[in-house]
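Going down the list, the protein sequences come from chains S and D. Using the numbering used here, read the first sequence as starting at 107 and increasing by one per residue. Using the numbering used here, read the second sequence as starting at 618 and increasing by one per residue.
Honestly, the hints are just simulated from the structure, not real lab data. Quick reminder that beta carbons are idealized off the backbone N, C-alpha and C, glycines included. Some hints could be false.
Derived lysine-lysine pairs resembling DSS-like cross-links, with alpha carbons at most 25 Å apart [stated by the list, open to error]:
#1 S:507 with S:298
#2 S:538 with S:298
#3 S:298 with S:601
#4 D:894 with S:203
#5 S:567 with D:687
#6 S:341 with S:272
#7 S:351 with D:670
#8 S:567 with D:777
#9 S:263 with S:341
#10 S:272 with S:241
#11 S:241 with S:303
#12 S:452 with S:601
#13 S:263 with S:203
#14 D:777 with S:351
#15 D:670 with D:687
#16 S:298 with S:272
#17 S:505 with S:636
#18 S:453 with S:382
#19 D:777 with S:203
#20 S:505 with S:452
#21 D:777 with S:661
Label pairs and their computed distance ranges (CB to CB) [unchecked claim]:
#22 D:916 with S:201: 39 to 47 Å
#23 D:755 with S:423: 34 to 42 Å
#24 D:729 with S:547: 41 to 49 Å
#25 S:683 with D:786: 21 to 29 Å
#26 S:517 with D:632: 52 to 60 Å
#27 S:274 with D:691: 38 to 46 Å
#28 D:632 with S:451: 49 to 57 Å
#29 S:274 with D:775: 45 to 53 Å
#30 D:632 with S:274: 32 to 40 Å
#31 D:671 with S:250: 38 to 46 Å
#32 S:426 with D:822: 37 to 45 Å
#33 D:777 with S:309: 42 to 50 Å
#34 S:426 with D:751: 40 to 48 Å
#35 S:498 with D:695: 27 to 35 Å
Okay, here's what each chain looks like letter by letter:
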Amino acid sequence: MDYSEVDKVRRSSTPLQLDVVESFMGGRLSRREFITRGSIIGLSMASMTAIIAACSSSASPSPSAAGSAPASAAPTAAGSAPAASASAPAVTGGTIKVASQKPVSVDPVAMQDLGGYGITAQCFEFLCTLDPNGKDIAPGLALSWTPNADGTVWTFKLRTGVTWQKDGSPFTADDVVATMERLVAAGNSGLKGVLEKGGAVATDPNTVTFTLAGGNGNFPYLVSVFNAQTLITPKDYVAGTTLDKDPNGTGAWKLATYNAQTGATFTRNDAWWGGKTPLDGTEWIFFDATGPMVTAYQGQQVDAIVQFDVLSGQSLLTDPNFNLIATEAALHRQIWMRCDTGQFAKKEVRQALAYTFDRPALIQQLFQGKAQLGNDHVIWQGYPYFDPSVPQRAQDIDKAKSLLAAAGVSNLTATLHCGQLLEIPDLATLLKSQASQAGITLNVAVESLTTFYGAQWCPDKPADPPCSGAAELGIVDYGHRATPDVYLNAALKTKGIWNSSQYSSPAFDQAFKDFQTAVGVDAQKAACTKIETILNDDTPIGLPYFYNYLAGTSKSFNGVYSSALGQMVFSAASKVA
Amino acid sequence: MARFISRRLLLALITLWLLATIVFVIANVLPNDVGRTILGPFAPQESVDALNKRLGTDQPLIVQYVNAMKSVITFDYGDSYVTGQPVLPTLAAAIGRSAKLAGLALLITIPLAIIAGLYAARRRDRPSDRAIVLLGVTSSSIPEFVTGTILVVVVGVQLKLLPVLATPPPNADIPTQIRYLLMPATAMAIVYFGYIARMTRSGTIEVLQSDYARTATMKGLTTSQTMRRHVLRNALIPTVAVIAVQIGYLFGGIIAVEKIFNYNGMGQTMLFAAQQKDIPMLTAGAIVIGIVYMLATLAADMTIAWMNPRIRLEAER
């Protein structure tokens, strides 16, 4: 090991950064996890490369390689655009046609749908942008970020030479501070309880200091592409203004036309800090469903699809001319079981139902293998603090029967409520079939999403505790989150606003608190081990899988990449010659 | 005729008021905190309250009802709760798109169906009549979404003859627009061909059996003279009534066809508004569709009155 290089990094690192370096060198983080964690807590790519190189030259056992760092994982260098994929010769010019969900709202502060996330992120930018690998964060409007020792204060150095599209005025720290104030006032779900009013301060025109409500090791994620509303808007931007009313961002694309019903067009922003984009523009076509998107691609009327599901897009999975972007993500379904009342109040009954799940079969039948096993807790394998040592629950019909017998339950019959969304009705049918093997009768009730959310999952009344009017059993969908805080806080914490299982466990609440305040890798992993163990044992929810986010483009284009939240990046995209 | 039209218009206004009232009642029966719906579950209650105040959704129902009726009169529905876009331009664009699609579908269907119906009636019980009747029954029993899907797969994806999306590029010329709309319009025309052709056939047969048609033939008029002067005017009265109802239906949007061809007409716009609880858009959309229905019915009544003076005179009595 080249200690001189390692020591250089050690000397220049903050305690939090040092913790990550030591965790990697000690083999407690894989190379992949090291890059992810390192980029979150502001380690420069040069430092991470030096550490990895030093460890690679060591005779000691190498860090567990859960996957080598992708070549594209390097955070974008200041002042340069991400390099386009060099898989095929490219030409400059042209337009890409993009099929996207119709946005519900394009108000950067209040939007809540993937369609809105995708289109606003073409014009506006984040402090921490999406790395071309689609999973990590990279420098965006912030060039670097550094935490203090306990993760309560984060200092962001901003990119210089960035201008606003409308009048060419410079982007400054004041814009960031004003954006954060708007987000705090709007109750942004990621920043709530983390950043309070006045917490963001412009130290100088190119530096912002965030003083948090408590230590938080994941803060850069909360001001990144993974907290979709944190797009930086100008200082004088008024909350409630939509993209089409004031398309004044700093991004690579300028909004040219917008029709909320049909689509939008963007042209190149010649003043973009990242340089000249290879494409002249992008054309967005809005859809209400994924089926027509797939047909439009097959009919050569679109070149890219922002998101599709396996069931609608089966033909794309085998299309040799389609460049599939399958991003492993924390997207999942929760099968909630009421813990406070009804037939699932006993832990053994909930466990029994979970033991009937044939998870590999579900993944194969519903996703053609494009998903990962779930273990009845929300800590996804892709999180750096996931602990794989908690035993994976597998189908065990005998155990399910014995648990039911131990609980004194026979002929268990329940209604499984779900909404008409993607594969969920099929999942319900498969679960019904699997549960019947243990003598559990599930009657599947598929309802419109509005009825399902309003009447079964989380009815408005009674309001205290939230969701206490929920049905005793149902399936609800959860989108991707870069950290599990929202799942833990909203769906599982006592009196959480989406806690339809009415789960209340002091042990879990404490473990979640430990996780939120943990800033070092070891502390976060330790808290997650507790969380995984408690949830797997208590089983307030069944969680059979985490499925991949599917997007893609025609092979006539390269350099396109995507997050699992609907943001497709075209700044480096080009037509293949 | 003026009295006839004014009576019809008065009835239309009463119907419009009833429609607006029913829509208001239905919209307000749904338990819904509009501010919360727009701002999301994490927004502070004070922000939700402020928005409800700004939108007027915190006011007593009777005040909201008066405001709703004012909106009907002034046709000012403000902005969409969900997208923030002005309601009327959005609806105007959607009704424009629906008008183009419905217009093309009717342009294909009406001449073909009337010619087929007349032809079949003239050759009653012959093989050609039976073939047209069978074709009509078959085409009207296949739903639009089936014919639409088959057309997309065969004509759009396999043969690549026509675009699979119905929305033409911005500023497209008329031939291009027709090219984009041809497949969905054909899917709709196939269904309505059957209705209109059978209605025309039965109306024509009835008239051909009447005494005056027989007299016209016996007094020496040629077949085409008899058809033009005596048969068509009377035979097409029920057909005109059916077409009027179909116009309203088509303008209201054929959601399945719009979905398959990703066409943002009234159907998709209204469905989206309903899913998002966008009450201003939903209310204004229902009123607009109601007006289209009334105008279509009025036009049909006037056409029928023009075709048959007895109806006009009865109505004026």
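Verification of the hints:
| no. | hint | result |
| --- | --- | --- |
| 1 | S:507 with S:298 | 43 Å, violated |
| 2 | S:538 with S:298 | 38 Å, violated |
| 3 | S:298 with S:601 | 16 Å, holds |
| 4 | D:894 with S:203 | 30 Å, violated |
| 5 | S:567 with D:687 | 33 Å, violated |
| 6 | S:341 with S:272 | 13 Å, holds |
| 7 | S:351 with D:670 | 23 Å, holds |
| 8 | S:567 with D:777 | 53 Å, violated |
| 9 | S:263 with S:341 | 18 Å, holds |
| 10 | S:272 with S:241 | 31 Å, violated |
| 11 | S:241 with S:303 | 30 Å, violated |
| 12 | S:452 with S:601 | 19 Å, holds |
| 13 | S:263 with S:203 | 35 Å, violated |
| 14 | D:777 with S:351 | 38 Å, violated |
| 15 | D:670 with D:687 | 18 Å, holds |
| 16 | S:298 with S:272 | 31 Å, violated |
| 17 | S:505 with S:636 | 24 Å, holds |
| 18 | S:453 with S:382 | 59 Å, violated |
| 19 | D:777 with S:203 | 18 Å, holds |
| 20 | S:505 with S:452 | 15 Å, holds |
| 21 | D:777 with S:661 | 19 Å, holds |
| 22 | D:916 with S:201: 39 to 47 Å | 43 Å, holds |
| 23 | D:755 with S:423: 34 to 42 Å | 36 Å, holds |
| 24 | D:729 with S:547: 41 to 49 Å | 54 Å, violated |
| 25 | S:683 with D:786: 21 to 29 Å | 25 Å, holds |
| 26 | S:517 with D:632: 52 to 60 Å | 55 Å, holds |
| 27 | S:274 with D:691: 38 to 46 Å | 41 Å, holds |
| 28 | D:632 with S:451: 49 to 57 Å | 54 Å, holds |
| 29 | S:274 with D:775: 45 to 53 Å | 50 Å, holds |
| 30 | D:632 with S:274: 32 to 40 Å | 56 Å, violated |
| 31 | D:671 with S:250: 38 to 46 Å | 41 Å, holds |
| 32 | S:426 with D:822: 37 to 45 Å | 58 Å, violated |
| 33 | D:777 with S:309: 42 to 50 Å | 59 Å, violated |
| 34 | S:426 with D:751: 40 to 48 Å | 44 Å, holds |
| 35 | S:498 with D:695: 27 to 35 Å | 54 Å, violated |
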